[in-house]
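**Q** Chain order of the listed sequences is B and E. Going letter by letter, the first sequence gives residues 293 to 373 in the numbering used here. Going letter by letter, the second sequence gives residues 21 to 421 in the numbering used here.
Hints are supplied without guarantee of correctness; some may be wrong.
[Stated by the list, open to error] Residues from chain B shown here face chain E by an in silico Cβ test under 10 Å; the list is partial:
(1) 310
(2) 314
(3) 324
(4) 328
(5) 330
(6) 340
(7) 345
(8) 369
Simulated from the structure, these hints should not be mistaken for laboratory data. Just so it is clear, CB atoms sit at the ideal spot from N, CA and C, and this is done for glycine as well.
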Amino acid sequence: MSNALDEIVTLIAPLNRKGVAVTPSSTFATDLEWDSLTVMDFVAEMEDHFDIIIPLNLLPDLETVGQVADAVNTLIEKKNG
Amino acid sequence: MADLFDKFDPMIRAREALGFEDTSPIDVVMEQIISPTEAVIKGKRTILAGTNNYLGLTFDPRCIQAAHEALDAAGTGTTGSRVLNGTYTGHKALEAAIANLYGAQHCMVFSTGFLANMASIGTIAGKDDVIVIDADSHASIYDACKMSDATIVRFKHNDADDLDKRLRRLGTGANVLIVIEGLYSMLGDKAPMKELVEVKNRHGASLMVDEAHSLGVFGETGCGVVQEAGVMHDVEFVVGTFSKSVGTIGGYCVSNHPKFEILRLAARPYMFTASLPPSVVASALKAIEILGSEPQHREKLWRNARQLHEGLTRAGFNLGAAPSPVVAVKIDDRDMAVRLWEQLLNNGVYVNLAMPPATPQGLNLLRCSLSAAHTEEQVKTIVDTFERLARSNSVLSQPAA
Ligand SMILES: Cc1ncc(COP(=O)(O)O)c(C=O)c1O
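Start from the sequences, fold in the hints, and give me the full structure.
**A** Below is the structure:
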């Protein structure tokens, strides 16, 4: 099982304008106060970092950092077959 | 139970924080329309510099006469869907005229441009397909994606290499529909059409171009950016609207796909809404004829666009893109954008105030759109008013060179 969480937390850092402590339960909308565009741009960054495709269809279910890490782990495993 | 509207509290607070003194954009009422470029707002004669009325055809006597005649001959509305009682001779003639303009086999007309995107994108791409959209796509494209059962992927705005990268990652399994716009409505920047088409062809995908802001504006006969770039026959679908250059309301999609006509039975936003009223169809048909055969309106539009772009650049403003009929003035500070917008209005110039999330990159924009119907004098007044107000608010410092 790959673990993307630490790398995702690192990717969040430059966009963490509020300087909140990022944990798996942090939410993008409420804790990080990101709007929908910021979330989509961050998705693009993760796609490039992990060399995967994260369809926008997944976004409604990705409210927390932990949920994103789980989804990314699954996508990486799928890519590696 | 909580209030259904509680979810809007952040939006309500954000709106209250904007601090308009007297009028916000949603309070603007056009009390009297004087011409395509002038209206009375708050009792004051105002230059309209934000109406997307690119060719100024809303008052063209030929369009008005055609609408009058259709109104008298066929009544105020069709009271029905295109697939029931709502297809008149006019609808078929309009579809034929647009297909002819594009040299395409098929055209479907819809009740708005928003619905054209809903119907075409939302229906063409199904469960096993992928839609790849430009990140800065219009809301109607995003919503069409939501309506479709396809997998949705976004690529970096106007970046052919990024599109290439994402198509490579997707692999060769699924059918891919790429959706882009010709001219992007917020910043007025144009798609790098040739590069995007090249990437599309290399991956064997299909391309849909939304020419909402570019119909009538680009290309020898006004077909849009696809025509200007010489790639009409490399683009599988073009969608557009009658609500801008055509000066009325409605939308269309053209294609050479041999099975295209099945959309008339498959596209719910085509079937389950009433068709356009005869008068609208008649003025759209006349306007399509005019935009295809009278390049002088396009030429005048571009002279106005260059004059505004040059004037604002010389004054020291930071603009969104190279000259085009959409000229977006970037204002760093949000509160200043709000204040300038309201002062422009109070000084007789109406532009669009555009803010995130409707704008890319978190930009605050005073968005102008030009018309062929603007006079040189009006464009000068727009520039002068911008400059005077920006200086009095210390947005611009140095006097003009
Ligand atoms: C790119 C784009 N597509 C579609 C539309 C929708 O057009 P309509 O006003 O006909 O619904 C617009 C206009 O707002 C647009 O800018």
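**Q** Against each hint, give a clear statement of whether it holds in the structure.
**A** How the hints compare with the structure:
{"no.": "1", "hint": "310", "verdict": "violated (15 Å)"}
{"no.": "2", "hint": "314", "verdict": "violated (21 Å)"}
{"no.": "3", "hint": "324", "verdict": "violated (14 Å)"}
{"no.": "4", "hint": "328", "verdict": "holds (6 Å)"}
{"no.": "5", "hint": "330", "verdict": "holds (8 Å)"}
{"no.": "6", "hint": "340", "verdict": "holds (8 Å)"}
{"no.": "7", "hint": "345", "verdict": "holds (5 Å)"}
{"no.": "8", "hint": "369", "verdict": "violated (15 Å)"}
In summary, the structure is inconsistent with hints 1, 2, 3, 8 from the numbered list given earlier, while agreeing with the others.
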